[in-house]
Amino acid sequence: MQTPRDWLTPETLLMLQTIAQKGSFAAAARALNLVPSALTYRVRQLEDALDVLLFDRSARQAVPTAAGQELLREASRLLDDMDAVANRVRRVATGWEAVFTVAVDSIVSRSVVMDLCASFLALGATTRLRLRYETLSGTLDVLTSGQADLALGVVLEPGLKNDIRHAALGEMSFVYAVAAHHPLATAAEPLTDAMLAKHRAVAVADSVSRGAGLTIGLQGGQDVFTVPDMPSKLEAQLRGLGGGFLPASLAEPSIDRGLLVVKQVNTPRTNMCHYAWRDTRQAPAGQALKWWLHQLDNPATRAALLRLQHRV
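When we follow the numbering used here, the leftmost residue of the sequence shown carries the number 514, and every step to the right adds one.
Since the hints were derived computationally from the structure, they do not count as laboratory data. Hints are supplied without guarantee of correctness; some may be wrong.
[Unchecked claim] Label-pair ranges, simulated between beta-carbon atoms:
| hint | residue 1 | residue 2 | range |
| --- | --- | --- | --- |
| 1 | Met627 | Trp520 | 27 to 37 Å |
| 2 | Lys674 | Ser745 | 23 to 33 Å |
| 3 | Ala681 | Leu644 | 28 to 38 Å |
| 4 | Arg782 | Asp519 | 29 to 39 Å |
| 5 | Ala579 | Thr516 | 20 to 30 Å |
| 6 | Arg641 | Asn546 | 37 to 47 Å |
The C-beta atom is built at its ideal place from N, Cα and C for all residues, glycine as well.
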């Protein structure tokens, strides 16, 4: 007698992901080179095995039910785990990772990361390189969950797992800045917490997939405009949509042109940034990780990674 385990295969999980991504059974069937009836039959068999309804078929589109959404979330995690196992096996056999994923925080220079990627790809190694952009605790989370092999610009948290190693990337200075036409631009200094609370803050969203994530530099009860990354934060603050802390190197060109005004606050901010990776006896560092760590040994490279630039 078959059990749910017999049906939850990688092929089935990929099938469900394709249906959700394409939005309909017909489009998913074309992508999977199946006739629609065969795809529908497979989904019904899975639903019968799990005794749940995975997709709402009342509309023209295939909309995942609550149960379907939960299975899709777990499917993504399970497939990532399978990729990680395959990666470790290949690493043992060849010394080079099959896939090497670098998680890059929004406070890290993407152009410098791209320079490093270009140098890595020029090696001609068999490793496929992947980048993913994260923010705040999400950068460390993708590393600890096995979705990345190296994380740049992480904020270290208490209770770090034993298999996570880390080193200092460098200190990043922040300035509290507002647009030249913002009400706080002419306010007396230092700006108190009570003054800041009366004005909207621009904050970068934490990309962590679970939990509340980190909030930095916000006042209780303060109106917040949330954006996905540091370049968006700078753009919002240049438009006067709110105030907030910006990396000094990112804000400097706009400050020099008089577009942003730096204000003194009671609680200045600096961040010690780190890079982190996984390296254990069970999963020793492969050649790709060793190459990246060698590049990060260079003080000039570390400094460049924390030197954000923006053209105004």
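Verification of the hints:
| no. | hint | verdict |
| --- | --- | --- |
| 1 | Met627 with Trp520: 27 to 37 Å | violated (42 Å) |
| 2 | Lys674 with Ser745: 23 to 33 Å | holds (31 Å) |
| 3 | Ala681 with Leu644: 28 to 38 Å | violated (22 Å) |
| 4 | Arg782 with Asp519: 29 to 39 Å | violated (54 Å) |
| 5 | Ala579 with Thr516: 20 to 30 Å | holds (23 Å) |
| 6 | Arg641 with Asn546: 37 to 47 Å | violated (24 Å) |
Consistency with the previously given hints fails for numbers 1, 3, 4, 6, ordered from lowest to highest.
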